[in-house]
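**Student:** So you can see what is in the structure, the chains are spelled out below.
Number of protein chains: 2
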Amino acid sequence: MSTTLRAQDISVILVEPSHPGNIGAVARAMGNMGVSELRLVRPKDPLGVEARERAAHAESLLVNASLFDSPEAAVEDLQMVFGTTARLRSRRDRGCALPDLESHLPVENTRVGFMFGRESSGLTNEELALCTTLLHIPTFGEVSSLNLSHAVMVTLYEASRFYAETSDIETPTSQNGSMQLASISELEGLKSHLENVLRTTGFLHANQETGMMERFSDFFARARPTDLDVRMWRGMLHRVEVTIQMLNGEY
Amino acid sequence: MSTTLRAQDISVILVEPSHPGNIGAVARAMGNMGVSELRLVRPKDPLGVEARERAAHAESLLVNASLFDSPEAAVEDLQMVFGTTARLRSRRDRGCALPDLESHLPVENTRVGFMFGRESSGLTNEELALCTTLLHIPTFGEVSSLNLSHAVMVTLYEASRFYAETSDIETPTSQNGSMQLASISELEGLKSHLENVLRTTGFLHANQETGMMERFSDFFARARPTDLDVRMWRGMLHRVEVTIQMLNGEY
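Top line first, the protein sequences correspond to chains A and B.
Heads up: the first sequence at position 106 corresponds to 106 in my numbering, and the numbers run straight through without jumps.
Heads up: the second sequence at position 209 corresponds to 209 in my numbering, and the numbers run straight through without jumps.
Looking at chain A on its own, in the form it has when it is part of the complex (with noise of 0.2 angstroms):
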């Protein structure tokens, strides 16, 4: 597998931050690492002066930040998505520690997001449950919550070991057609698919649902899909639905 990235197919999605001038720490440190695509979710106040102040000479990348309404609209197009974490929990097979991000790479021309949470909070299940990948970063000792702008820093840093040495250079595209990653949008597309028919024929019962459906989830995340699993695995929920509204009259 190559393990190479490139700081142009990296996004960093902030979803609401509510320190302006963690903001602006985050874009600095994002332009430190060559990375300038950033997306924001419901953020406050991200082109206040103490946003400006803090992100120095990165003060662009604030200017062109995306701003979505949602955390799904705002990793949609993206192929693979890393959930920061504090505790990995029982999601452990679908986690990464930072140091062994290398493990984790995708293939070259993927489109990468790095998410992070609340301030307070970080994020919520429903929202770890769109990543691809958990991303734990390890502390030491008893003060474990990290500064927002420190975690995009140090996960940016790490990221920026696996950079293509020669990142102006364009590389052989390795996209041809069926072999790319799904993106995320596909992969929610499926996962919905999935779920009506897991209620359709009964198997879902009411108090086991979420569960149920984040096992699902962390079967799929780990297995990468490309754009032609999707399309496999939904040809085959749609038969299985086809086939019962048949035998029930529906066609």
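Check each hint, because a few of them may be wrong.
As the list claims (entries may be wrong) - Residues from chain B that face chain A, not an exhaustive set, calculated with beta carbons under 7 angstroms:
(1) M33
(2) A58
(3) F140
(4) M153
(5) V154
(6) R222
(7) M236
Unchecked claim - Per the computed footprint, the stretches of chain A lying under chain B, defined by three or more beta-carbons under 8 angstroms from a beta-carbon of chain B, are:
(8) 26-33
(9) 54-67
(10) 191-203
(11) 217-225
What the hints assert, rightly or not - Label pairs and their in silico Cβ distance ranges:
(12) B/S103 / A/L228: 39 to 45 angstroms
(13) A/H57 / B/E50: 18 to 24 angstroms
(14) A/D100 / B/Q180: 17 to 23 angstroms
(15) A/D100 / B/L228: 19 to 25 angstroms
(16) A/L228 / B/Q8: 49 to 55 angstroms
(17) B/K44 / A/L67: 34 to 40 angstroms
(18) B/D227 / A/S192: 23 to 29 angstroms
(19) B/D227 / A/H238: 26 to 32 angstroms
(20) A/L67 / B/D45: 31 to 37 angstroms
(21) A/S185 / B/L47: 48 to 54 angstroms
If you are wondering where the hints come from, they were derived from the structure by calculation, not from laboratory data.
None of these values were measured; they are calculated from a predicted model.
Yeah, the Cβ is synthetic: ideal placement off N, Cα and C, and Gly gets one too.
Position chain B relative to chain A; hints supplied.
**Tutor:** For chain B alone, coordinates are given in the frame of chain A:
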């Protein structure tokens, strides 16, 4: 050469930091990385409100910081001092890029300092001359100046890779009961179950059966299913079959 460090052998030295908020943010970064010894040379207002706020849960580090009148006094008991610099210039032979820190690590039980200069102008040549190694944090793109606390954060993060002690991460054990990888026979059982459903629902066409089943095989192989995953998928497939049989009047 041994490549372990102990957090308690590390000091962080800030020379003339002029933004109290940065001093607090440095304390927090140190707290995250388990480093507690902060040495301040002629700092500005290190115990003010802004410093304390930005230190968050690492406030005790600020309170316990040692104050010095000169850089010489701040490092005299240390055995190895890394001085950070934005340019390695002609001192390249004493220089180290942060990602190469491992090759410059001291032998065990060495008292190590990481020295950081003024926000505006870094360390002077005289101060760098006190250092045993010059440390450079690589940047990419046009924004080359790092925030002081960001510089401390990435430096200690890199150092933490070589800590002898373990972090707060539980080492992934994928072998605890329900989390065992599925056996080959469990996987084969799943695949033939899936094949039956694909046939029943008319998804498999005679002339492409083999290719399609290979593609599903690949997919499952990449996800590395546990025995619990296999039970989940077989449960889902079973519900599809039961639903179809019921509608066929077979139940």
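**Student:** For each hint, tell me whether it holds in the structure or not.
**Tutor:** Results for each hint:
With a cut of 7 angstroms, the hint placing B/M33 at the interface with chain A holds, because the nearest CB-to-CB distance is about 6 angstroms. About 5 angstroms separates the beta-carbon of B/A58 from the nearest beta-carbon of chain A, less than 7 angstroms, and the hint is met. Interface hint status for B/F140: upheld, as the beta-carbon distance to the closest one in chain A is roughly 3 angstroms, under 7 angstroms. A cut of 7 angstroms between beta carbons decides the hint on B/M153: the least distance to chain A is about 5 angstroms, and the hint holds.
With 7 angstroms as the threshold, the beta carbon of B/V154 comes within range of chain A, its nearest partner Cβ sitting at about 5 angstroms, so the hint holds. Hint status for B/R222 relative to chain A: holds, with the closest Cβ pair at about 5 angstroms, below 7 angstroms. This hint holds: B/M236 has a C-beta 5 angstroms from the nearest C-beta of chain A, less than the 7 angstroms allowed. Counting residues of the region 26-33 of chain A whose CB lies closer than 8 angstroms to any CB of chain B gives 5, so the stated coverage by that chain holds, three being the minimum.
Interface restraint, the region 54-67 of chain A with chain B: holds (4 residues with C-beta to C-beta distance below 8 angstroms; minimum three). A count of 6 residues in the region 191-203 of chain A with a Cβ less than 8 angstroms from any Cβ of chain B is obtained; the coverage claim is therefore met, three being the minimum. Counting residues of the region 217-225 of chain A whose CB lies closer than 8 angstroms to any CB of chain B gives 6, so the stated coverage by that chain holds, three being the minimum. The hinted range of 39 to 45 angstroms is satisfied by B/S103 and A/L228, whose Cβ atoms lie roughly 44 angstroms apart.
Taken as a hint, the range 18 to 24 angstroms holds for the pair A/H57 and B/E50, whose Cβ atoms sit roughly 22 angstroms apart. Hint check: A/D100 to B/Q180, Cβ distance near 22 angstroms, so the stated range 17 to 23 angstroms holds. As the Cβ distance of A/D100 to B/L228 is approximately 24 angstroms, the hint placing it in 19 to 25 angstroms holds. Distance hint check for A/L228 and B/Q8: the Cβ-Cβ separation is about 53 angstroms, which falls inside the suggested range of 49 to 55 angstroms.
Taken as a hint, the range 34 to 40 angstroms holds for the pair B/K44 and A/L67, whose Cβ atoms sit roughly 36 angstroms apart. Distance hint for B/D227 and A/S192: a CB-CB separation of about 27 angstroms, consistent with the stated range 23 to 29 angstroms. The given range of 26 to 32 angstroms is respected by B/D227 and A/H238, whose C-beta atoms sit roughly 29 angstroms from each other. At roughly 36 angstroms, the beta carbons of A/L67 and B/D45 sit within the given window of 31 to 37 angstroms.
Restraint check, A/S185 to B/L47: a C-beta distance of roughly 50 angstroms satisfies the suggested window 48 to 54 angstroms.
Consistency with the previously given hints is maintained throughout, with no hint failing.
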